[in-house]
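2 protein chains.
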Amino acid sequence: MKELQSEYQCAINLVIDLIGGKWKVLLLWHLNEGDKRFNELRRTIPEITKKMLTQQLRELEGHGLVKRTVHEEVPPRVVYSTTDFGRKLQPVLYGMCQWGDDYAEKEGIQMNSCWTGRDFMKNKSDLS
Amino acid sequence: MKELQSEYQCAINLVIDLIGGKWKVLLLWHLNEGDKRFNELRRTIPEITKKMLTQQLRELEGHGLVKRTVHEEVPPRVVYSTTDFGRKLQPVLYGMCQWGDDYAEKEGIQMNSCWTGRDFMKNKSDLS
DNA sequence: TAACTGAGTTACTAAAGGGTAACCTATTCA
DNA sequence: TGAATAGGTTACCCTTTAGTAACTCAGTTA
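Line order of the protein sequences matches chains A and V.
If you use this note's numbering, the first sequence corresponds to residues -10 to 117, in order.
If you use this note's numbering, the second sequence corresponds to residues -10 to 117, in order.
Careful, some of the hints might be misleading.
Stated by the list, open to error - Derived contacts from chain A toward chain V, CB cut-off under 10 angstroms, selection only:
(1) Met(-10)
(2) Leu(-7)
(3) Gln(-6)
(4) Tyr(-3)
(5) Lys11
(6) Glu36
(7) Thr38
(8) Met85
(9) Cys86
(10) Gly89
(11) Gln99
(12) Asn101
Worth flagging that the hints you see were computed from the coordinates, not collected in a lab.
Heads up, the beta-carbon is just placed ideally off N, CA and C, and yes, glycines get one too.
Modelling step: build the complete structure from the supplied sequences, incorporating the hints.
Next up, the structure:
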């Protein structure tokens, strides 16, 4: 598990440590659209390996952005969802995405942003 | 120099690649307060090594967030400043910092954020 | 003349992050 | 009975990131 530092010079670096993993914003995005099971996420993001998926989800869970619920059925059903605090990150991610999209356009970088515009607005009503 | 990917799934990952270096947000903050020379930055952030300072500044410059100006005097004077595009990142960094500060308080992480509240407002008039 | 300042560069090393492939346990489907 | 699905774990490897220490070169100050 990625350990956070005990002290930061700036909270921005803390945020980067929390969401900087290669797949984390993508996972937060998909979980944001609704709760998902482990293999459901794998099918949604076919490029991610089981190891990375477990690892990134465990870190998001350990840091309180995602919740992991095991339904004790047979077979057990494991469901991942975002926490309230995780959901409060949404507007921030949205802002980052907007600026990033502008940058990408200016620099001619190909982009397929999940967190931009319309998709975000669709979920805006979820926020308190 | 850190090379950006030619394609991103999400602009947030691009933003993280741009500002994710260990010292970058701190440098952006200090340059935001006003132009600075190389050794001036070293004195402001004594923990940073010459190598890391050069490297992080070069990357910020290469990515268009910071401008490096050599005044051809004897001895030459090298001045670093933020670009217009870099300055447009300010509100985003501010938002990240606010959420990060909340998180740190909740989790009892010690914080000494540069980009929070009053300090930012001081510079807000700089934004178009 | 020696040491200091400014603005770096270079070689080497250690730690973190990410990826591959094989393995595991239990249940259900054909 | 064999294969597939769910939800992982483990060992190993390579790449990226960060840090140390030594070196450069020109001009200035004591």
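Hint check:
{"no.": "1", "hint": "Met(-10)", "verdict": "15 angstroms, violated"}
{"no.": "2", "hint": "Leu(-7)", "verdict": "7 angstroms, holds"}
{"no.": "3", "hint": "Gln(-6)", "verdict": "8 angstroms, holds"}
{"no.": "4", "hint": "Tyr(-3)", "verdict": "6 angstroms, holds"}
{"no.": "5", "hint": "Lys11", "verdict": "8 angstroms, holds"}
{"no.": "6", "hint": "Glu36", "verdict": "9 angstroms, holds"}
{"no.": "7", "hint": "Thr38", "verdict": "16 angstroms, violated"}
{"no.": "8", "hint": "Met85", "verdict": "5 angstroms, holds"}
{"no.": "9", "hint": "Cys86", "verdict": "5 angstroms, holds"}
{"no.": "10", "hint": "Gly89", "verdict": "3 angstroms, holds"}
{"no.": "11", "hint": "Gln99", "verdict": "4 angstroms, holds"}
{"no.": "12", "hint": "Asn101", "verdict": "6 angstroms, holds"}
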